[in-house]
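Colleague: Go by the hints and put chain B onto chain A.
Which chain is which? The protein sequence lines are A and B, in order. Each residue of the first sequence is one higher than the last, beginning at 1 in this note's numbering. Each residue of the second sequence is one higher than the last, beginning at 488 in this note's numbering.
All the pointers check out, no bait thrown in.
The following label-pair restraints were derived from C-beta to C-beta distances:
(1) B:Lys736 - A:Val223: 33 to 39 Å
(2) A:Gly462 - B:Gln568: 21 to 27 Å
(3) B:Gln897 - A:Lys215: 20 to 26 Å
(4) A:Gln458 - B:Thr875: 39 to 45 Å
(5) A:Leu225 - B:Thr875: 40 to 46 Å
(6) B:Thr875 - A:Asn216: 53 to 59 Å
(7) B:Ile898 - A:Lys215: 21 to 27 Å
Calculated directly from the structure, the hints in this document are not laboratory data. We treat Cβ as the ideally placed atom computed from N, Cα and C, and that holds for glycine.
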Amino acid sequence: MSAHNESILREPLITGENITYSKITDDVLVPVENKPNKAWWIGFTVAALFALLWVVSVGYTFYVGIGAWGLNKTVGWAWDITGFVWWVGIGHAGTLISAVLLLFRQNWRNSINRSAEAMTIFAVICAATYVVSHMGRPWLAYWPLPLPNQFGSLWVNFNSPLVWDVFAISTYFSVSLVFWYTGLLPDIATIRDRAAGVRKKIYTILSFGWAGSVKNWQRFEAVSLILAGISTPLVLSVHTIVSMDFATSLEPGWHTTIFPPYFVAGAIFSGFAMVQTLLLVVRKVMNFENYITMFHIESMNKIIIVTGSIVGVAYLTELFIAWYSGVEYEQYAFLNRVSGPYWWAYWSMMTCNVISPQLFWFKKIRTSITASWILSIVVNIGMWFERFVIIVTSLHRDYLPSSWVMFYPSIVDVCVFLGSIGLFFTLFLLFLRVLPAIAIAEVKLLLKSASDQVKQKQIAEGHVKKEEGEAYQESLTKYDSVDYLKV
Amino acid sequence: MGTHNHTTHNFNEQFEFSGKAKTWSLVAMLIGIVAIAYGFLIDSSEHHSERTFANLLLMGYYFTCICAAGAFFLALQFVAQAGWSAGLLRIPQAFAKVLPVAAFILILIIIAGLFSHNLYHHWHLEGISDEKHANFDPIVAEKSSFLNAPFFLLRQVVFLSIYSIFAVLLTRYSNAEDKLGGLANYNKSIKVATIFLVIFGFTQPIWSFDTIMSIEAHWFSTMFGWYNFAALWVSGLCAITLTIILLKKSGHLTWVNENHLHDLGKFIFAFSIFWTYVWFSQFLLIWYANIPEETVYFYKRWEDEYKFWFWLNIVINFLAPVLILMTRDAKRQTNTLMFVCILLLCGHWLDYYMMIMPGSLEEHRDFGITEIGIAIGFVGLFTFLMLTKLASKPLVPQNHPLLEESLHHQI
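So that you can see chain A by itself, here it is in the shape it has in the complex (with noise of 0.2 Å):
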C-alpha cells in the first residue's frame, strides 16, 4: 500500500484536529466503557419489546403448525421465504466490505468494517430463526443435516438446492463469525488493558491473550487476508444458492439463468442499504462523525447506485427474455406480474430499487445525511418488496387456473416479520454496548497517511500542487466534520 505517496486528491478517512492515537482509542470507547444513556435505553426497550412479539408468535406458530400463517394451497411459500431472503440479503454488507474491500486495498472500509460484520452476524441470525420457523417441527431440525439412517432421520437429499442452502449459510455464518472475531481480538485486547474488575477478567478471556507483539501483528495480518480470499467466494456463493432455491425450478418467474449473479447483485445492495441505515444513526449518537466521514456515505451511496443499476439490468433483461422466449408461461408470469393484481408490488419494487436510488446521481442528495437515510430505508422496503414479488406473484396464478387465489399475510406471519427487526436490532444494540462499534487498531492505521490533519500539514508545508491542494479544500466543503471556513 502506498500510504505514504498517498494522493492529496483522495478525501480524508479521518477529520477533526488534534486526533492522536489516544484520542481514538477514548472516542470509539465512550460508549463501551460508560453506562448507556437515554437514548439507548428507549432503542434497547422498544427493540426488546419487538424481539418478545417474535418470540411469542414463534412460539405459536411452533404450538399450533405453520396454518398460523397466511398461506393456501396454491401459495405455498410467502412471508416466510420472503424475510428469509430479505435477512440473507442483508447479510451480505458485512463480508463483502471486510473481505473484497480488502483485496481491492479500499481503505475506508476500515472504519465501517466491524459494524457491517456485526450486523451480517445478526442478519444471518435472523434468516436462520426463519430456517427453524419454517420446520414447523424444529425438534427435528437436525433432519436437514447428512445424518446416517439409523439415526433416525433419511439420508439427504443431496440433489435438493435446499440442501445446499443449510450448507453454504452454516458455512459463511461461521468464517463471517471468525473473520469478526480476529478482526476484534486486538481492540478487545484495548479493553482489557483499560477496564478493571470483572470486566477485565470477562474481557481477558475474550482476547484470547492478545499482547499486541510483532508476531502477533504479522500473523493478524496473514489471517486477515487468508479469511478474506476464503469469505470472497463464500459471499458470491450464499446468495448464488439461495437465488437456486428458485432457478432450478420449473416455476416460471423463478427459472432463469441471471439469478445466481442478479441476486448476489441484490444482496450486496440491500445490505449496504442496511449499514448506510444503520451507521447514519449510530455515527450522530456516538459522536463519530470523525471517522465515518461523508467520504464513507458517498462511497456507499456510489456503490449502492452501482448494485441498484445492476439489479435494474436484471429486471429489464428477464422481462425481455420471457417476451423473447415465446414460452407463453413465462410471458404470463412477467405480465401479471407487472400489471396483474400484484402491480403495486412490482412497482414498488422497481421505484425503490432501480428508480429512486438513481437519485444518488446528485452530488447534493448523496452528501445529505438526512437523504441517504430515507433512501436507504426506501432500499431496504425495495428489497423486501422484490422477494415478495418474486415468490408471491410467480406462485399464486399457477397453470391451473380455477386455483388462482390471492395472498394474505396472518396476523402471525405479520408478528414474525416484525419481530425478526425487533431481534435484529435488539442485538446490534447490545453489540454497541460491549464491542467497539469501529475497528480502533484499523483506523489508527489511517491516522498518519488518510487523515485531514496530515493533509492540511502537507498543504501548509507546500508538498503538494496547488491546484490539487485546492481541490482538497474544496472536496471538504460537504464534511458536516470540518468547519470548513476554519481551514
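Modeller: This is chain B only, laid out in the frame that chain A set:
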C-alpha cells in the same frame, strides 16, 4: 521499492512501431487475407462460405470485444479513482482508440453475412414469418418485431457508434492532459467514464443477445449477456497484460514493475473464476430444470463433434488460470503470467467458437486453415492498429494526478 522511482525513467519515451513487430503484424494480416480467400474461393466443401463467415464473425466480435474491454478498463480506473494503474493507462487507451475500426469491420461482416444468408439464417430467411410460406417458423415469427434485419442493424450501428465515441473521448481528454496538465481533463474523464459505464452496462447484454445468441434464434438465456461480458473482460485483461509484458521485454515501460503485474494477474485470476461462475450457473440451471427448449443448446454441444471442445473450454479457461495463478509468486513472474495470458486468449477464442459454431455450422464444424488463418489475420490487424495508435503518444500520461501513486505502487 525506490522512493525515487521517477528519477530513473524517461517519461517522454515514445514507442516506435517498426522492425520485427511491424513486419510480423503485416505478415499476419496477409495470412488472414489468404485464409479468407481460401475459405471463399479454394475450399470446395459444401459449407465453405458459411464456415468462412462464421469465422469472420467470431474474430470480428472478438476483436471488437477486446477493444471495448480497453475502453471499459479505462473507464473503470477513472470511476474508481484508481491510482495503481495510472502508469499503464496508455495501453488500454491504445485499445480503445482502435474500437471505431473494429466496430466498423464487425458491422461490415454482419451486413455481408446477413444479406448473403451465411449468418443469422436461423431468423433471417424469406417467408420465415409468413404462415403460408414453406419456411414459416412460428417461434421466430413471434419475435420478428425484434429480430428483423433493419432493426437488428440499427441496434448494431447505434450501440457500436456510442461505444466508439466514448472510447475516443476518454482517450482525447488524456491527450489534452499531457499538454495542459491540471485537473480539468481528469475530472472530465471521470464524468465521461461514468456515462460510458452506464450506457455500456445497460446495452451490452442486448448487444450480445443480438450478435451471438440470435445465431440460435429459438434459444434464450437471461445470463447470456453477462456471460459474454465475462469473456470480454477476461480476454481484454489478458490482452492488456500481454501487451504490457511484451513492451517491458522490449525495454519500454520501465516504471511498470512486478507489483502492477501482480495486480493485473489478480484481476485475471478473479475474473476467470467469475467467468466460470457465470458459465456454470447457466449450465447448471438449464441442466437441472431440463426444459427441452433450453437444453437443446447443450445437447448440440454434447454431440461428438463438440464434446471434447466443450470440456476443454472449462479446462483452459478455469482450471488453468486457477491452478497456475494461485500463488503470489506466479502472478509476479513475467513468463508465467505471459503464458497464462496467451493460453486464456486462445481459450476465449475457443469459448466464442463454442458459442458460434454449433448454431451456424452445426455438425459440419471444422478446424483448419480457415480458422487458424483468419484468427492470425485479426491478431495481426489488431496488433498493427493498436501499436500504431500506441506509438502516437508518449507511453505514460505524465500529468495524470495519481501517477505518483502508480510509481510507488507496492503490494
